[in-house]
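Undergrad: Next come the chains, spelled out residue by residue.
2 protein chains.
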Amino acid sequence: MTGTDAPSERTRVQRAPQRAAYDRATIEAILDEGLTCHVGFAVEGQPYVIPTNYGRVGDRLYLHGSSASRMLRSLRDGIPVCVTVTLLDGLVLARSAYHHSMNYRSVVVLGTAVEVTDPAERLLGLEAVSEHVLRGRWREVRPPSDKELRATMVLRLPVTETSAKIRTGPPLDDEEDYALPCWAGVIPLQLAPQPPVPDPRLAAGIALPASVREYRRPQPR
Amino acid sequence: MTGTDAPSERTRVQRAPQRAAYDRATIEAILDEGLTCHVGFAVEGQPYVIPTNYGRVGDRLYLHGSSASRMLRSLRDGIPVCVTVTLLDGLVLARSAYHHSMNYRSVVVLGTAVEVTDPAERLLGLEAVSEHVLRGRWREVRPPSDKELRATMVLRLPVTETSAKIRTGPPLDDEEDYALPCWAGVIPLQLAPQPPVPDPRLAAGIALPASVREYRRPQPR
Numbered sequence: 001m002t003g004t005d006a007p008s009e010r011t012r013v014q015r016a017p018q019r020a021a022y023d024r025a026t027i028e029a030i031l032d033e034g035l036t037c038h039v040g041f042a043v044e045g046q047p048y049v050i051p052t053n054y055g056r057v058g059d060r061l062y063l064h065g066s067s068a069s070r071m072l073r074s075l076r077d078g079i080p081v082c083v084t085v086t087l088l089d090g091l092v093l094a095r096s097a098y099h100h101s102m103n104y105r106s107v108v109v110l111g112t113a114v115e116v117t118d119p120a121e122r123l124l125g126l127e128a129v130s131e132h133v134l135r136g137r138w139r140e141v142r143p144p145s146d147k148e149l150r151a152t153m154v155l156r157l158p159v160t161e162t163s164a165k166i167r168t169g170p171p172l173d174d175e176e177d178y179a180l181p182c183w184a185g186v187i188p189l190q191l192a193p194q195p196p197v198p199d200p201r202l203a204a205g206i207a208l209p210a211s212v213r214e215y216r217r218p219q220p221r
Numbered sequence: 001m002t003g004t005d006a007p008s009e010r011t012r013v014q015r016a017p018q019r020a021a022y023d024r025a026t027i028e029a030i031l032d033e034g035l036t037c038h039v040g041f042a043v044e045g046q047p048y049v050i051p052t053n054y055g056r057v058g059d060r061l062y063l064h065g066s067s068a069s070r071m072l073r074s075l076r077d078g079i080p081v082c083v084t085v086t087l088l089d090g091l092v093l094a095r096s097a098y099h100h101s102m103n104y105r106s107v108v109v110l111g112t113a114v115e116v117t118d119p120a121e122r123l124l125g126l127e128a129v130s131e132h133v134l135r136g137r138w139r140e141v142r143p144p145s146d147k148e149l150r151a152t153m154v155l156r157l158p159v160t161e162t163s164a165k166i167r168t169g170p171p172l173d174d175e176e177d178y179a180l181p182c183w184a185g186v187i188p189l190q191l192a193p194q195p196p197v198p199d200p201r202l203a204a205g206i207a208l209p210a211s212v213r214e215y216r217r218p219q220p221r
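Line by line, the protein sequences are chains A and B.
Residue 48 in the numbering used here is what sits at position 48 of the first sequence, and the numbering runs on without skipping anything.
Residue 91 in the numbering used here is what sits at position 91 of the second sequence, and the numbering runs on without skipping anything.
Among the clues, some could well be false.
Which chain B residues face chain A? A few, computed with CB under 8 Å, are given here [said to hold, decoys possible]: (1) 42; (2) 103; (3) 106.
Computed far set for chain A versus chain B, every beta-carbon distance over 10 Å [what the hints assert, rightly or not]: (4) 19; (5) 26; (6) 70.
No wet-lab data here; the hints were simulated from the structure.
C-beta atoms are modelled at their ideal positions from N, C-alpha and C, and glycine is treated no differently.
Could you put the whole structure together from the sequences, leaning on the hints where they help?
TA: In structure tokens:
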């Protein structure tokens with residue numbers, strides 16, 4: 001797809017179309033920078049929106065969770081799903097209430113998920129979710145046991161029917177409002193990791209690994 | 001409702017019920033600390049999840065946007081909606097891949113929204129959304145004109161069918177894994193405002209108001 005073509009009518013951004021992006025590099029960069037997603041699905045006509053972790057491998061998103069999860073059990077039945085990733089970049093403070101806004105980057109992925117049953121792809125998906133949160137962690141920890149794997153469901157969602165919406169930059173006021181004696185600008189926002197807090201049961205003499213010590217958002221490419 | 005009773009079967013937390021909270025003080029505190037919400041609704045069987053701002057007045061959530069918004073036009077028709085607010089508090093790093101988790105606080109509100117038509121309540125809702133993002137801003141800026149108000153839709157959603165889910169604290173590993181020579185603990189996360197960036201067109205001599213200069217997340221009560 002090009003930068004101006006939506007992959008489907010229902011992923012075409014309708015409000016503020018100048019904020020739309022449909023090119024893969026933009027969409028993947030937002031998916032990779034996001035930490036969690038919000039998964040939307042409907043059961044008996046009622047939509048639910050649940051925050052969860054995810055990982056990306058190429059054009060596939062992986063979700064995981066308990067095999068008993070109502071959300072995952074609903075999704076693996078092939079019902080339509082929407083996965084949304086939102087990055088909040090700043091508060092846009094205009095001179096008029098009406099032109100206040102947010103700077104943000106968001107991606108919407110529509111489609112249907114399938115349960116991953118191949119053992120190698122299940123591990124790949126779980127590793128992708130783990131590395132998405134904290135790169136390097138997967139190889140530092142005890143890997144999943146057979147029993148844990150049996151208790152875990154992995155779902156795959158293709159990143160094909162998707163679009164991004166982005167707002168950047170300063171406020172855009174009505175021309176006559178620029179003369180108002182009112183401060184205007186942007187308060188940038190960052191999701192900022194704080195110093196790690198050791199587990200109270202951490203054994204003596206175990207050093208912080210570099211993955212944790214140097215953790216920052218977004219993780220470097 | 002009490003701390004242990006869900007207001008409806010469909011808001012009862014099913015996975016990890018020890019993380020559920022149903023008391024109003026907990027739910028309102030999460031709603032008040034969140035900056036944006038994710039709104040879930042279905043059109044022609046396809047769920048959509050859209051990030052947006054909101055405000056709370058008592059047991060009412062207010063949403064607003066363009067009168068031409070597909071989302072708002074769908075919602076005002078009275079279709080079922082789910083509004084989810086998620087606060088990410090930290091990465092929970094266990095000694096096993098399986099027990100990794102996130103610390104978070106989230107609220108789900110189910111129901112149907114109605115369009116607010118009373119002019120006074122419309123202004124109240126818009127002020128609530130504005131003050132939710134940045135307290136004090138509403139009185140610093142040019143208020144909405146009649147034309148701007150005509151272009152704006154305000155919706156109200158009751159905060160009645162709702163539940164919270166919360167995870168706090170250190171990782172919980174399998175007993176035998178505590179002996180592993182692996183660092184474990186929590187990386188706390190904060191949504192951190194950065195120094196304000198003035199609009200390039202800001203006139204000379206306009207000082208930063210205290211509302212912006214002292215802005216922090218969460219806003220003090």
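Undergrad: To test your reading of the hints: which numbers does this structure violate?
TA: Failing hints, ascending: 2 and 6.
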